[in-house]
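There are 2 protein chains.
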Amino acid sequence: MTPPQRNSEDRTVAALLAPDIVALLDESPAHIAAETEEMHPADLADVAELLDRDKLQAFLAALGPARAADVLEYLDEELRTEFLEAITPRQAAELVSQMTPDDRADTLEEISEEHAEEILSEIPTEARQETEKLLAYEPDTAGGLMTTEFVSVSADMTIEDALENVRAVARSGRREAMHVIYTTDTQGRVVGVMSLRELLAAPSGAKISDVAWTEVVSVAPSADREEVARVIANYDLVAVPVVSESGHVMGVITVDDVIDAIQEEQTEDVQKFGGMEALDEPYMQIGLAAMIKKRAGWLSVLLISEMLTTTAMQHFSGELELVKALPLFVPLVMSSGGNSGSQATSLITRAMALREVDLKDWWRVAARELPSGLMLGAILGVIGMCRIASWQWMYDHKVWLGYNYNPHWQLIALTVGLSLVGIVTFGSLAGSMLPFLLRRLWFDPASASAPFVATLVDVTGLSIYFVVALLVLHGTLL
Amino acid sequence: MTPPQRNSEDRTVAALLAPDIVALLDESPAHIAAETEEMHPADLADVAELLDRDKLQAFLAALGPARAADVLEYLDEELRTEFLEAITPRQAAELVSQMTPDDRADTLEEISEEHAEEILSEIPTEARQETEKLLAYEPDTAGGLMTTEFVSVSADMTIEDALENVRAVARSGRREAMHVIYTTDTQGRVVGVMSLRELLAAPSGAKISDVAWTEVVSVAPSADREEVARVIANYDLVAVPVVSESGHVMGVITVDDVIDAIQEEQTEDVQKFGGMEALDEPYMQIGLAAMIKKRAGWLSVLLISEMLTTTAMQHFSGELELVKALPLFVPLVMSSGGNSGSQATSLITRAMALREVDLKDWWRVAARELPSGLMLGAILGVIGMCRIASWQWMYDHKVWLGYNYNPHWQLIALTVGLSLVGIVTFGSLAGSMLPFLLRRLWFDPASASAPFVATLVDVTGLSIYFVVALLVLHGTLL
Numbered sequence: 001m002t003p004p005q006r007n008s009e010d011r012t013v014a015a016l017l018a019p020d021i022v023a024l025l026d027e028s029p030a031h032i033a034a035e036t037e038e039m040h041p042a043d044l045a046d047v048a049e050l051l052d053r054d055k056l057q058a059f060l061a062a063l064g065p066a067r068a069a070d071v072l073e074y075l076d077e078e079l080r081t082e083f084l085e086a087i088t089p090r091q092a093a094e095l096v097s098q099m100t101p102d103d104r105a106d107t108l109e110e111i112s113e114e115h116a117e118e119i120l121s122e123i124p125t126e127a128r129q130e131t132e133k134l135l136a137y138e139p140d141t142a143g144g145l146m147t148t149e150f151v152s153v154s155a156d157m158t159i160e161d162a163l164e165n166v167r168a169v170a171r172s173g174r175r176e177a178m179h180v181i182y183t184t185d186t187q188g189r190v191v192g193v194m195s196l197r198e199l200l201a202a203p204s205g206a207k208i209s210d211v212a213w214t215e216v217v218s219v220a221p222s223a224d225r226e227e228v229a230r231v232i233a234n235y236d237l238v239a240v241p242v243v244s245e246s247g248h249v250m251g252v253i254t255v256d257d258v259i260d261a262i263q264e265e266q267t268e269d270v271q272k273f274g275g276m277e278a279l280d281e282p283y284m285q286i287g288l289a290a291m292i293k294k295r296a297g298w299l300s301v302l303l304i305s306e307m308l309t310t311t312a313m314q315h316f317s318g319e320l321e322l323v324k325a326l327p328l329f330v331p332l333v334m335s336s337g338g339n340s341g342s343q344a345t346s347l348i349t350r351a352m353a354l355r356e357v358d359l360k361d362w363w364r365v366a367a368r369e370l371p372s373g374l375m376l377g378a379i380l381g382v383i384g385m386c387r388i389a390s391w392q393w394m395y396d397h398k399v400w401l402g403y404n405y406n407p408h409w410q411l412i413a414l415t416v417g418l419s420l421v422g423i424v425t426f427g428s429l430a431g432s433m434l435p436f437l438l439r440r441l442w443f444d445p446a447s448a449s450a451p452f453v454a455t456l457v458d459v460t461g462l463s464i465y466f467v468v469a470l471l472v473l474h475g476t477l478l
Numbered sequence: 001m002t003p004p005q006r007n008s009e010d011r012t013v014a015a016l017l018a019p020d021i022v023a024l025l026d027e028s029p030a031h032i033a034a035e036t037e038e039m040h041p042a043d044l045a046d047v048a049e050l051l052d053r054d055k056l057q058a059f060l061a062a063l064g065p066a067r068a069a070d071v072l073e074y075l076d077e078e079l080r081t082e083f084l085e086a087i088t089p090r091q092a093a094e095l096v097s098q099m100t101p102d103d104r105a106d107t108l109e110e111i112s113e114e115h116a117e118e119i120l121s122e123i124p125t126e127a128r129q130e131t132e133k134l135l136a137y138e139p140d141t142a143g144g145l146m147t148t149e150f151v152s153v154s155a156d157m158t159i160e161d162a163l164e165n166v167r168a169v170a171r172s173g174r175r176e177a178m179h180v181i182y183t184t185d186t187q188g189r190v191v192g193v194m195s196l197r198e199l200l201a202a203p204s205g206a207k208i209s210d211v212a213w214t215e216v217v218s219v220a221p222s223a224d225r226e227e228v229a230r231v232i233a234n235y236d237l238v239a240v241p242v243v244s245e246s247g248h249v250m251g252v253i254t255v256d257d258v259i260d261a262i263q264e265e266q267t268e269d270v271q272k273f274g275g276m277e278a279l280d281e282p283y284m285q286i287g288l289a290a291m292i293k294k295r296a297g298w299l300s301v302l303l304i305s306e307m308l309t310t311t312a313m314q315h316f317s318g319e320l321e322l323v324k325a326l327p328l329f330v331p332l333v334m335s336s337g338g339n340s341g342s343q344a345t346s347l348i349t350r351a352m353a354l355r356e357v358d359l360k361d362w363w364r365v366a367a368r369e370l371p372s373g374l375m376l377g378a379i380l381g382v383i384g385m386c387r388i389a390s391w392q393w394m395y396d397h398k399v400w401l402g403y404n405y406n407p408h409w410q411l412i413a414l415t416v417g418l419s420l421v422g423i424v425t426f427g428s429l430a431g432s433m434l435p436f437l438l439r440r441l442w443f444d445p446a447s448a449s450a451p452f453v454a455t456l457v458d459v460t461g462l463s464i465y466f467v468v469a470l471l472v473l474h475g476t477l478l
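Read top to bottom, the protein sequences are chains A and B. Each step along the first sequence adds one to the number in my numbering, with nothing skipped, and position 142 is 142. Each step along the second sequence adds one to the number in my numbering, with nothing skipped, and position 469 is 469.
By construction, these hints were calculated from the structure, which means they are not laboratory data. Computed from a predicted structure; not experimentally measured. The reader is advised that the hints may include incorrect statements.
One copy or two, it doesn't matter: identical chains are merged, so the pair holds either way.
[Claimed, not checked] With a straight-line Cα cutoff of 20 angstroms, these simulated SDA-like cross-link-like pairs (lysine to any residue) come out:
(1) 55 x 371
(2) 324 x 466
(3) 398 x 264
(4) 324 x 77
(5) 324 x 463
Chain A on its own, in the form it takes in the complex (with noise of 0.2 angstroms):
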């Protein structure tokens, strides 16, 4: 079947597809495998999304088990695990055993642990003992993320051995991480690293040890999946070897599984950030009550926090009283110190992912956000102070949608302003702070999300607007 052209609407492709293989796995269901051979899997994962249940499970019959495993690779997370349990152990054991140990170890954790174990158990001795060694790190860290499949070669190897060992092993159909050859001393430890294109590279007669690298850039297997990423964006890896305290490579941890971590924790940042717990499933797949459960925690806590601004508003009501105006402008300069406060925090909460800013940073911040909080609010305040001269203008002028804010409107502007400036300054300290603090006290500092940002500098704010009132109208209208 040749590939129709390829363009970014991947699914478009799988759609116009999906048709022909519906036809084909009536007529003919031998010629699939043959048709669709040069189809990259992620591409037949699209079409095998698209079919019917009942027909999902006689396509991928009809590709064999090795390209079928690829095909689950790519596959939806929730139909893969759902197909795996629908099937027979044994049938799903023949799958999982093609699948590189890395992805299978992935494919396990997300299955019912009863249906996992009865799977492993029809598995392979060996195989299974390696899936379970994975098996037993955390998702997240380099051991979770690492295959054990990859090549290493004695460093004092000849380079045409060498090159006839990877040859060999190419060969034998194993799928192992092979853009990048280890090498090992005599007791097995890691000594040198060196690319394909190196070992292809190398004069003729030269020893292993005479071309490779000998510092070699590894992580530990308890790293997590942050420090990998950024090991690998930070030294342009394609892949990186686990490597245990004792020097021994203990698997390699592929570029590919890199970003897709890149992506999940980048998820995860964006959703604590929105003021939720990190979902950890699609938006669309997640059940309503699991996603409410998600977001009702914060909320809450967000809500409660924020009755401190009743608290504050109930303490000044004999001033709110006796100025009209002042309720007035209270949900403006409020959510000016919650907008100033969320700019900084994604600031600095980014700046800390990316590692550009440190926990000994926090005063070199701090003295940039003083004077930016100070210009920032000198130039809300004269914006506040605008709007409120002019609404009095246009009611002394009779002009549609004037208001009068007399008597002292300038008092009000100036209350208005000079608290505008008060706010933003407290929000952009308090919002570049907050990060710092989490981090301190072993919080993530992600956790520092725009509400509760906002929520922070609300009561804070509210204090800040009455007290410059209680100073500014002093003697005239308080």
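Starting from the known structure of chain A, fit chain B onto it as the hints suggest.
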């Protein structure tokens, strides 16, 4: 120089090495190249960043042009620009000539146009033309990300000839993206792709066309970097070819450049979500004035929009004066709308970025957000009513903190509770629909920032609160 034990804090490694390097520079600069030859250029760049500016040039000179170019590629952008502008155009040209074409173009793009042209004029003709071609592409597109060095072989070659070819290229020292090899027809159009590993595994005597995959996943030169990242991530590639309309490979984008692009894109999205223009520079490096400018715009727009809350408050000022308890809960109900909106927006913008939801899914999302919003609003409403009931109870029983919402505290509680249901529902719906609306209008959905949503919801939320109050309190307090 034996590299110290590697760990996650590369800065520490660099800090340990920097004094040794300084000592060597003073004593025997000729040995620097040999002593550091096993070190990764990323680590040498960390060292270079710690040196005094006058030592930096001596250090790079001691490394020799090829190695110095490697180090420059990993150097902090600002420092690299400063360095290249400080040395003579001829010296700079010698260095950038050693870079891969994509890094050379990126480097020249950063420095002032005048300097860049002087340096370009000193580069050999072929490399200059190549660089000028790359500079013509927008930096955020596939054309701007690609390198023009890659390996392609004719589809009718034998495996042995192709391997010899590849080895010759590898030995030539040019630094192609060599994990993947493209095969071309007699007109030079791309017809297949294979990994270096597949080339090695191929049986002797076979032809390239027997082994290569005929389905080539590629991108157009005008594709934006998000699209490139999606293709690389979707197909688990280490490189993707940039193919012209006529079917020729124009260049290759390697996965390391895509990771950088993903991270930059993510930084932009986070900063936009925080309610500001993307900084485009690291937080600690951007000038204070430039940063204030990027933040002031949105803050001012938000302030001006938020002035509608003042208008709403003015409109209902009669009711506010009549019912003293009414203003007390304005901050509370307003912020709850903003918080629920911020959650919904972060969920949907991220799901859009990952292509989990598409423009046409808007009604599916609305159908999820409506019940979620009602449920979340009900939860918050109950909490809010409990707050009022318990403060009233405390007042009646003369407990500290109590407050008197009488007459008719039950109606005040009902007003707050019902308003929260309405406002949270509206917040969830508005927050989730805003990214769709922005995308429909061809804006970036990531511009739907938390402050933007909060402002949108604040004004409506206030109106909901006042209308509910009018309905509930009609005939008693109003």
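Verification of the supplied hints:
no. : hint      : result
1   : 55 x 371  : neither (65 angstroms within a copy, 34 angstroms between copies)
2   : 324 x 466 : both (13 angstroms within a copy, 17 angstroms between copies)
3   : 398 x 264 : neither (58 angstroms within a copy, 52 angstroms between copies)
4   : 324 x 77  : neither (59 angstroms within a copy, 55 angstroms between copies)
5   : 324 x 463 : both (17 angstroms within a copy, 19 angstroms between copies)
Violated hints, listed in ascending order, are 1, 3 and 4; each of the other numbered hints is respected by the structure.
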